[in-house]
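> Take the sequences, apply the hints, and build the full model.
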Amino acid sequence: MAQGHSFSGFPAPQGLYHPRHEHDACGVGFVANIEGKKSHEIVMKGVQILINLTHRGACGCDPQTGDGAGILIQIPHAFFDRECARLGFSLPAPGEYGVGMVFLPVDPQERLLCEGILEKAAKEQGLSVLGWRDTPINGNTIGRLARNTQPYIEQIFIRRGRDMDQDALERKLYIVRKQAENLVAQSEMKEKDLFYVPSLSSRTIVYKGLLLAPQITHFYKELSDPDVTSGLCLVHQRFSTNTFPSWKLAHPYRYICHNGEINTLRGNMNWMHARQSVLASPLFGEDIKKLLPIIQPGGSDSAMLDNAVELLTLAGRSLPHVMSMLIPEAWDHDPTMPEDVKAFYEYHASLMEPWDGPAAVAFTDGRVIGAKLDRNGLRPGRYLVTNDGLVVMASEAGVLPIKPETVRMKGRLAPGRMLLVDTEQKRLIPDEEVKQQLANRRPYAQWVKENQITLDDLPNPNRVQPTDHETILMRQRAFGYTDEDLKTILLPSALQAQEPVGSMGIDTPLACLSDQPQLLFNYFKQAFAQVTNPAIDPIREELVMSLNSYIGREGNILEETPKNCHTLKLRHPIISNWRLEKIRRVSWGDFLATTLSTLFRVDGGEQELEKAVEALCRRASLAIRNGYTLLILSDRGVDAEYAPIPSLLALSAVHNHLIREKTRNQVALIVESGEPREVMHFALLLGYGASAVNPYLAIETLENLYRDGAFPADYTWDKVFKNYMKSVDKGLLKVFSKMGISTLQSYQGAQIFEAIGLNRSIIDRYFTGTPSRIEGVSMEVLAREALMKHAFALQHASESAWELRVGGEYQYRVFGERHLLNPMTVSKLQHAVRQNKFETFEEFAKIVNQQNRDHLMLRGLLELRAAGPAVPLEDVEPASEIVKRFATGAMSFGSISKEAHETLAIAMNRIGAKSNTGEGGEDEARFLPDANGDLRRSAIKQVASARFGVTTTYLVNSDDLQIKIAQGAKPGEGGQLPGHKVDEVIARIRHSIPGVGLISPPPHHDIYSIEDLAQLIHDLKNANPRARISVKLVAEAGVGTVAAGVAKAHADVILISGYDGGTGASPISSIRHAGIPWELGLSETQQVLVLNDLRSRVRLQVDGKLQTGRDVAIAALLGAEEFGFSTAPLISMGCIMMRKCHLNTCPVGIATQDPDLRKKFTGQPEHVINYFFFVAEDLRRIMAELGFRTVNEMVGRVDCLIQRQDVDHWKAKGIDLSAVLHDPPVPSHIGRRNLIEQDHGLQDALDCKIIEMTQEALENRTPVTLSLPIRNIHRTVGTMLSGEIARRYGSAGLPDDTIRIHFTGCAGQSFGAFLAKGVTLTLEGDANDYVGKGLSGGRLIIYHSRRSEFVPEENILIGNVCLYGATSGEAFFGGMAGERFAVRNSGATAVVEGVGDHGCEYMTNGLVVVLGDTGRNFAAGMTGGVAYVLDRKGDFGAVRCNRTEVDLEPVTEQADADKLFELISRHAEYTNSPQAKWILDNWEATLPKFVKVFPHEYKRVLGIPRVSAELIASHRQKSSGDRVIHG
Amino acid sequence: MGKITGFKEYTRETPARRPVEERVNDYFEVYLPFDNDKVRTQAARCMDCGIPFCHTGCPVNNIIPDWNDLVYRDQWKDAIRVLHSTNNFPEFTGRICPAPCEAACVLGINEPPVTIKLIEKSIADRAWSEGWIRPEPPETRLSQRVAVVGSGPAGLAAAQQLNRAGYWVTVFEKADRVGGLLRYGIPDFKMEKTILDRRIEQMLAEGVVFQTKSYVGQNVPVEDLRKEFDAILLTGGAEAPRDLKVPGRDLKGIHFAMEFLPQQNKKIAGDEVPNQILATGKHVVIIGGGDTGADCLGTCHRQKAKSITQFEIMPMPPLERAPSTPWPLWPLQLRTESSHEEGGLRDWAVGTTSFTSDGKGNVKKLHAIRVGPPPAFEPIPGSEFALDADLVLLALGFTGPVRKGMLEQLGVHLDARGNVATNGRYMSSVPGVFAAGDMRRGQSLVVWAISEGRAAAQAVAEYLRTENSAK
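Chains as they are written, first to last, in the numbering used here: chain A, 9 to 1535; chain B, -16 to 454.
Please note that the accuracy of each hint is not assured.
[Unchecked claim] Subject to a maximum C-alpha distance of 30 angstroms in a straight line, what follows is the list of computed DSS-like cross-link-like pairs (lysine-lysine):
| no. | chain 1 | residue 1 | chain 2 | residue 2 |
| --- | --- | --- | --- | --- |
| 1 | B | K(-14) | A | K727 |
| 2 | A | K730 | B | K(-14) |
| 3 | A | K1167 | B | K(-9) |
| 4 | A | K734 | A | K350 |
| 5 | B | K(-14) | A | K738 |
| 6 | A | K1168 | B | K(-9) |
[Said to hold, decoys possible] Among the chain A residues that face chain B by a calculated CB cut under 8 angstroms, a handful are:
| no. | residue |
| --- | --- |
| 7 | Y820 |
| 8 | R821 |
| 9 | L829 |
| 10 | M1145 |
| 11 | L1151 |
| 12 | V1156 |
[Said to hold, decoys possible] What follows is a set of in silico ranges between Cβ atoms, one per label pair, in the way DEER data are often shown:
| no. | chain 1 | residue 1 | chain 2 | residue 2 | range |
| --- | --- | --- | --- | --- | --- |
| 13 | A | D1164 | B | P358 | 38 to 46 angstroms |
| 14 | A | R579 | B | P16 | 57 to 65 angstroms |
| 15 | A | P880 | B | L317 | 31 to 39 angstroms |
Hints listed in this document are in silico derivations from the structure and should not be mistaken for laboratory results. Since the model is a prediction, treat every value here as computed from it, not as a measurement. Where is the CB? At the ideal position from N, CA and C, for every residue including glycine.
Structural data, given as structure tokens:
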């Protein structure tokens, strides 16, 4: 085991690694008998489910050690009764004793100590210990790594006290456990980390460990004992992002097991911590103190959620109640939800912020068992109920063999919904009933009405702070406003009501390296979701988003009283002066506001800031003691003597101070500041705990601009103000959503940022818990920056040429911020490559390197150190070899012109390097060489969220398949190509319609977690087994841990992108404020992969404004094997950093589709080739000096980098790069670069067999028909076969029906993915997620088993995200599909009998017919294609369809009707669908009930006018009755 | 900002020059007025680049995209504010600058560049005519005094900056009028002197003291300056002309350009100029193909010379930008000034070998030979020729400042090229003595002089601030 590991499994924080970044995702499931009948069979079925979910787990470097697996069952009394008797003690009746499953230290002394502690704690609670039992285990059945860290496992039996009912016993056992945990944690034992109590309950027991699913019954031998019986069984198979052995992180926990992650954990933890001070419950009395801390530190997100569930449940709420409170569904904007249920949620929103995150949680207290999805529904959950009372729920269908004729119903967990089995009531309780019961518990609606107010309810203030035009310039200067803030941020925001857009990334120094006085905000970078959880689309999926927040003193969450919702509800966190005054003068109930000044005296020097902050904290405490509940932190009043404390510092200092003081939940903090003006500023203030922000100076500045006539004549001041507010609101939602967070409430205080360049004393004291890994500036520097701004503010106008500083962040300005790319570097580089003069390149490189040394980039702070004696230049591997490691970045044809795109491809192909398609597909004409031998094919084919042009043919014509998880310039965001840019050619290649806009969703809809990524990698590898699969990540704190997960998911290459990478179009706040430099991300990735012994399995690539040989050398030494470049090759081709890519006006013909401008393109492949050879040559010289002969020798040699000691810059001198240069102390046999290939396990694929059996068809096009059974472990069926077809026949494929395969059973994930033309797959049974993903011309037919007796269209047939990114082909589904059916469909035709939420989202082409109900948000972001929906209930238009992009029309055209009839006829024929037959039989009556969903843009392009809604209504009148459901 | 597609929609248009036959009869400026709306259209061609190369191509770093945008949006008053923030005298540079900004203009890569110079001039002219340019005296006065020696563009820019910052500034000028090169070097047909006068008036109103006919080192002792002023800024230009040391150079009728040009300016200003050197009725040869040569050429046209020939020792430059000077560098290419349009013969790769006289000590003929390319300028045997020359004007550039007198007396060190050596903050080897403009960097453009004057003013102010606090 590596040095530094603790028994908890995780290494201590070191270098850039921190255990807090660990993630996991998993397969979950349960099986239960509805009537609670106990049997051994239930346990065995649970184990069987676990085994059938094995592929959802993962194993790391040791293939025998899994990430963890476990089961939870009811206490098998009969078994324990028998066994304990043998041990010499007898058990009382069931329910009168508790059993603890206990992990103990291996050291006998320490084990005894722990046992003693538990026994003592039990006695103190009036319980008696009956005895201990060694749990019989077989350590030989598990992996080496698991064995090395295996605890000693025992069971403890504890008898209840006198007159204790079972609930009381449960509470006592809870106290016992918490107390023992605390005592052990405080002890000095060496192995105390091994102590862990998986369960201690009179109802349930948990068997878990660092196991692979199939090992569980061998390890815990008693699970096979027939006396081990249970009425329910909860199971979990874990996939974590690391290989560190941790027994306790296996699920299930005591009440839940969880698939997904909690994004908002930091905030939830902080708020829970704050709540502890007022926790009280008559059920616990004084003992409640023993439960603290409620949230056990060091646990995973799931463990912490379990801690919260446990407390709330044992304090008296029912488990469904607790789950609804912690993970509420999206209730704000749901028109279908009853008002009293909404009131239930609204009441609880006042009590607690949501634990937000993609989550499927299965839960049980031993009596009820159920599962719930979060509001977004981003994890799969499928269930079935049999006629004999068995309920099976799991992340997949098909986990247990069940006879189809015994199945009563098949369903799926829907977003926000709950599946609940009550074994005491002996029934399955429908979601609506659960929610209604909860709503009926108390008069929530009345409570809310009487106790909650909004700002509108407050009386109008007498007086509002007026705008002071006289002093505005002075104040703007004091708060660091620049010309650009006005011109580039405020003005466009208020003009367009959205965040301004920019391009070409960022090339200015980090705040901690800049010469300019910075805002404290600029020292922070936004974190974002990648891989382990998905970003959300805040526009298209607005229904889950919320900006509501609740201000007020928080009460005791264990109580349920009207007082708990005595809150002030804010609909927007950014408030006007008027609204602020209302708050300031509030006099209602508990509410009382006071204003604390956040200014500091300038004459006290640089020490004064810290003193002022400390004094502020003291005043905040005093205000709380004096009964104030609203603290307004105000920096009004800046003058000659007073400068503002940076608003974020003031806020966060008070926030963290009050958390430490445990009074944080007694007050709300409101910021009244002249400083915040852009979205990032507001996000930071909210993220560090502000309830509301009043940006008075931003408002005044706008007013000033308005007064000066900066806005068009038709803009009123009201419009300007509202637009600005709207742009901030939208921007905030985008910032939350890129982290996968939907609500402001759970974002508040969640601190989802990384600081770069703030020293430890600032972080520890004022930004507790925020990652900050390279040290940096001190409070004195922050003070100096504030004082510099203040001095400038006081400077007389005539003394300075400038009214405001120019800025120069977004555009180069001589007097502004420095840029890596400036007139000098750009022209030198162009001169070098055009004249093919290495000397000029050397001049260029020298300037760039010197700029970096002058602290423009972090890498400039590093010095290279020789590994040994210098070697002769000729001994260094030739440049022609080195360039093969180079790649150009992902730039789509669409973002750049055809000429530029192909020039790059030709250049890279000529030198054996790789160009990248970007996400816009590629013209098939480019797959074949030109007459002169040039190949215009991009070696790297990108697979991005929109899947534009991702066909099987595209996939097979690649060397690398790159899954773009995120992009440096806008991680966590989607994109949009406006219709005017989509010309004929682009439309053809992207399989869309010319003139129709295209939306790229923020997430890949088939990657919501790490196990999903593993599946996509598997899919792509099947499609093209010869290609390397590469995964592109963006640097952020924790990227190393994500990369470890990606390596375990079998990526061959991992690309770490710096935040500074270019872009064709991004919101400029994202360009500047999201992500971190690659130096940090790469180094962290290298360290974590090495620590996990995963480094040798993957190749690492890096990109982000690499320019010179020195840049490459540093990247290699930090661990990269391959290097990506985009900006520099673009400049070589003529780019002059116009930064207008998003406007289509590139004057040198690169980033434009304008035919006139494209003619101006003068780039040549030679220019690009020259550049890359120059870089290689430059690198060779460095290698020779350092003593390296090959790049391979350099990779990861971080010992050859040292931090420069000669840096004297006032800010940069505080930076400490030792974490970046950390070399994990692992044994030498652990590889530090790619040495072995990933095992993709393709040889086991069913397709291998199928390809063998269809050779005739593949070779000679002879039709072949097969019939095969299928199971859920057969994943990605048909894909490898399709790859073979595409390789041979291109996208033309084979003649229709050449290969026909009939399957029976339950298909695994990605059934028929990328299915090629000529293949028809028929499946009788059901299928899991991603059916027909990327369908490329094939035909899919799926219907329920012919033996099933339920109504097909009401039962779930296929999983989520089916037909995602389909480009052509047909699909007929004789049953219901899950969420996001046909998302991003761009050409397939499909018939289905019902779909979940978000159907046809982002669809751009193709045809979808839904012969039944749809979920909510149908057609969101649908810009092309057509859907027909049978609107049986008549509520489709009103509540189910998102009509932003589409018109709804009756089917009036005969051609439409004919087409529909034909499709339904074929559907009936293929699937034998009763629904289809009924419709056909009643065609005249049903046709009027069909709604044609017709996107506006598509209509506009077709030249069809829009229709009014009345027409549809009138048309419906003509229709008659509905189909009478049979059975 | 601006018009996003302006550069695609509009073509470059500059003001026409008055007809040659008309303008050679007077000394008024050669350009016709240009409608402000047309200027706005020209401004719309600006692409508001991510890296505005014009902004660094311009020695004063004019924030060109910003004022282009303001002009396009008809916000002229804001435009002059932004323009003045980097350039004290845009009405000068807008007339006489060769516009390196336009050579660096990104649009110039593949289209005619934006008419930056025209826009600059238009902004300044409009601002003057609207009365937006007013004296801006400092609100508070500091105690320290600064002497600026030389009232050319560098001196004026520095004086205005320092004065506005509150220092007491006295400008010493050896000539009878203020302006230096602007006054006596630039012919009126390029910039009429009222343009200069109104600026001087503004500066006077702001409180700058001008002391003319004060030749420091001659009639003003250096020691007085050292005593009376807290800092001295030398902006005396690079007035030592490069001579042509060939046989016959001493003949009458051979003059340096700067002997010739000022006389005409004085004349126009209404002064008596006894024994004025005139080209009238003469065969004139101008040696030197640069701007000064062109100024001589235009003046000779106006004086009605019989014939004018202009020689340049360098080979004829290409008609388009030479490959050796790719964008955004200052292009090597043939330039045709207004004076060239007006007539005369230009000849390249010509080396003058001697002058011969008419026997009365006056120059009569010029003897020359064709030469090869630089740096050797190898004479080509057999290519000798001679031509009539009654007046020869030497416009061969300048070798640096005049060293005798003030510089010697101050004892400032000179650099290798004979200019005043300074540290990074414009201070010479003598503490408190600063230098800027041509005196520091050698012969250069007016715009460089302004740039240096501004930067030196900042350095002087910083020096005085620290000096003050040290006291």
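> Taking the hints in turn, state whether each one holds.
These are the hints, each one checked on the structure:
1. K(-14)(B) to K727(A): holds (24 angstroms)
2. K730(A) to K(-14)(B): At roughly 26 angstroms apart (the allowed maximum being 30 angstroms), K(-14)(B) and K730(A) satisfy the hint.
3. K1167(A) to K(-9)(B): holds (13 angstroms)
4. K734(A) to K350(A): holds (26 angstroms)
5. K(-14)(B) to K738(A): With Cα atoms ~27 angstroms apart, K(-14)(B) and K738(A) stay inside 30 angstroms; holds.
6. K1168(A) to K(-9)(B): holds (12 angstroms)
7. Y820: The hint holds - Y820(A) has a Cβ within 8 angstroms of chain B, the shortest such distance being about 4 angstroms.
8. R821: At 7 angstroms from the nearest chain B Cβ, R821(A) passes the 8 angstroms test, so the hint holds.
9. L829: holds (7 angstroms)
10. M1145: Hint on M1145(A): holds, closest Cβ of chain B at ~4 angstroms, below 8 angstroms.
11. L1151: holds (5 angstroms)
12. V1156: With a closest approach of 6 angstroms, the V1156(A) hint holds.
13. D1164(A) to P358(B): 38 to 46 angstroms: holds (44 angstroms)
14. R579(A) to P16(B): 57 to 65 angstroms: The hint (57 to 65 angstroms, Cβ to Cβ) holds, given that R579(A) and P16(B) are roughly 58 angstroms apart.
15. P880(A) to L317(B): 31 to 39 angstroms: Distance hint for P880(A), L317(B) is violated at roughly 49 angstroms.
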